[in-house]
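Peer 1: Each chain, letter by letter, is given below.
2 protein chains.
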Amino acid sequence: MRIAIAGLGTVAGGLLALLRESAQNLAVRADCRLELIAVASRTRRDVDLGGAEFTHDVLSLAGRDDVDVIVELMGGEGLALELVERALTAGKSVVTANKAILATHGDRLFALAERHNVALGIEASVAGGIPIIAALTRSLVANSIDRVTGIINGTCNYILSAMSDQGAKFEDALARAQSLGYAEADPRFDVGGVDAAHKLAILTALAFGVPFNKAAVYAEGITAVTPDDITYARELGYCIKQLGISRRTAKGIEMRVHPALIPLDSMLASVSGVMNAVQINDQATGALLFYGPGAGGRATASSVLSDLVSFARGDSVIRRRQSGSAVPLLPIEAVESAAYLRIPVIDQPGVFARIATILSEHGISIEGAIQRERAIADHKVPIVVVTQPVPETAMNKAVAALQALPAVVGTVRRIRVEHAGG
Amino acid sequence: MRIAIAGLGTVAGGLLALLRESAQNLAVRADCRLELIAVASRTRRDVDLGGAEFTHDVLSLAGRDDVDVIVELMGGEGLALELVERALTAGKSVVTANKAILATHGDRLFALAERHNVALGIEASVAGGIPIIAALTRSLVANSIDRVTGIINGTCNYILSAMSDQGAKFEDALARAQSLGYAEADPRFDVGGVDAAHKLAILTALAFGVPFNKAAVYAEGITAVTPDDITYARELGYCIKQLGISRRTAKGIEMRVHPALIPLDSMLASVSGVMNAVQINDQATGALLFYGPGAGGRATASSVLSDLVSFARGDSVIRRRQSGSAVPLLPIEAVESAAYLRIPVIDQPGVFARIATILSEHGISIEGAIQRERAIADHKVPIVVVTQPVPETAMNKAVAALQALPAVVGTVRRIRVEHAGG
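Protein chains in written order, with the working numbering: chain A, 1 to 422; chain B, 1 to 422.
Calculated directly from the structure, the hints in this document are not laboratory data. Do not take every clue at face value.
[Unchecked claim] Per label pair, the in silico range of CB-to-CB distance:
1. Ala356(A) to Asp265(B): 33 to 41 Å
2. Pro344(A) to Gly368(B): 40 to 48 Å
3. Glu336(A) to Ala27(B): 25 to 33 Å
The C-beta atom is built at its ideal place from N, Cα and C for all residues, glycine as well.
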């Protein structure tokens, strides 16, 4: 099988290395041979191309008769999207790690691949080296999935792990992530939840047969999580992770990215640093979890390579199919979840009772609480409450009512609580 | 695709249920339809066969012209092996959950499948519902694997978890596992390491391209692990798990099943109760971990179903290939590993120094140690030592020398220590 690579960044570098190293494994264990014909990139980097032709003209790859598969590793939306469209239209199979174009144009691109009878491989688009796309589209394709819960942004997980393990502040942990090369110079894409929303849109489309629709993902970042929140959470038996969650309910499919308290003894709680993990809850297995590196050139290239091998072996091609009648994608207002509330109050008699009353009036039951000893200087103390699951709208109203209490002397902080099982 | 099932036990029951429930998912998401033609079992159980024919004549399935794939879920070696051989020879593809026949006859059965140009699906043979066979033979087939580390016997993991979490004794935890249906009435197959050895032989053959050879697996059970060992291990930062490990070294491939201390903060340490997990260390991703239910009718049936879907879609077939020149399977004497030693001594001056001297004379460095306070009644105290990695033979000699010390007043207990990374 003859391939061409567009892009010369970290993942392309990893792929070039793996293609060299894996040639023998491929020949012996998979009965296939991958031949690199050409590499295209707007900028030439000093990388060993193993004799392949180099061109600055990225789009020219789509027109080559001596190439069967185009590997798009440029990132970005404009040129990358154009290359993928042209390649598919020209009857070439495509492998892409580009979550941004898939999360928005996934349905159209899969339809284009089907129309031209070629394959579109997207293993590398979510969770780096973890073969989660194969799990969803092959191993578990017959299974009825209830929920996908992922730690799918390594930067957020690194920051929250550093805050949790070393008591670091958010800003310091972010600065360290940046100095280690985990976070972009503009970190909003990661810590604001955008990157995870792209990935969740892809996982959700594959797990539930709904459209690729990143615009329908509710995304909340981790910038407001404090070391205090992490400490209180631990006292209550939880840690805080940035999660991407999609869930099937009687009303439709939830898609949301936000920080969440999860039980300390859950598998997801053990995922630390830049590592990723995706948990699948389904009717046949109960819960499966897939853990590994969510980024990195060689790890992500491993996923690219797995798609290439699958094409070369002639495996069946992933086609997008809607699951029966259209299932609605739900807004965040339709979500029901438990919440952790940190309420800064003036410590005076009866405050806790008033808070409990307000929660009760909104139909919210308390599962656990922490009331700190009296603060000596300013009489300010936080009251921390974990609630039972409650509709989003009821919680919004309750938080507004709490915020209006005269004894509440700062912003009421709210973080969802998730018990994903497994 | 027309299928027949041999066996009517737990997994067959799970498969019958999943075939009913998944029909719509299969049609919509995987473009395929599975038709159950016949079920065979020596004993008839009252299970809904969905209109399929029933027969007591198991071997007759291999001769049916109206069946494309035989699913062997009987277990045992004699009749099951004969059915699989006959079916493959008759040009029918086979799915089997039978680890015992694969761990011994795997090479011959894969060769038979290849000769008759049919497929042999074995996803269900290891780790229940976890798609670990697909990971090794598809997603990671190009990757160069260094190590496979698995918690692949749920009974052992349940017992060690109960000993660790509730301070239970081995016998009590085993009795509870039996009453919950996790352990066989004769538990030696599980707690003695035989079941895990079968599974490890299969994982190793697929990960490293060596023959299926359960006889070459070193297997040690968990019956000698005590609550004290678990307590001391935790003080030193470890927990104790029953692991199956295969590892590539410069000399060949290690295959061993034994209890091991692993770091408390590792992902494998978080796998509790009857759950299973398999960690793959490879040159491209670093470490991946796959977690899920290692047994149970529906979970294991999920893996059977994934093989059936793969056949129905016409995916490439897994063929056995040796990786280049023959790689030796190493005996346990060729293994190098760190050890935890619990040495019961009479507490008298200089004992620790003599122990340290003996270890040093055998080239063994101490990484950590616990020396308990003096026992009041009988002056017996345990000295606990964790060593650096050392060749098995050196450790055997050191343990013999320690055992011969006059101050050592009981059996020196030794458990290997594994730092698998990830």
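Peer 1: Now tell me if each hint is right for this structure.
Peer 2: Do the hints match the structure? See the list:
1. With their beta carbons about 37 Å apart, Ala356(A) and Asp265(B) fall inside the hinted range of 33 to 41 Å.
2. As the Cβ distance of Pro344(A) to Gly368(B) is approximately 44 Å, the hint placing it in 40 to 48 Å holds.
3. Our hint of 25 to 33 Å for Glu336(A) and Ala27(B) holds, since their Cβ atoms are close to 32 Å apart.
Checked against the numbered hints given earlier, this structure breaks none of them.
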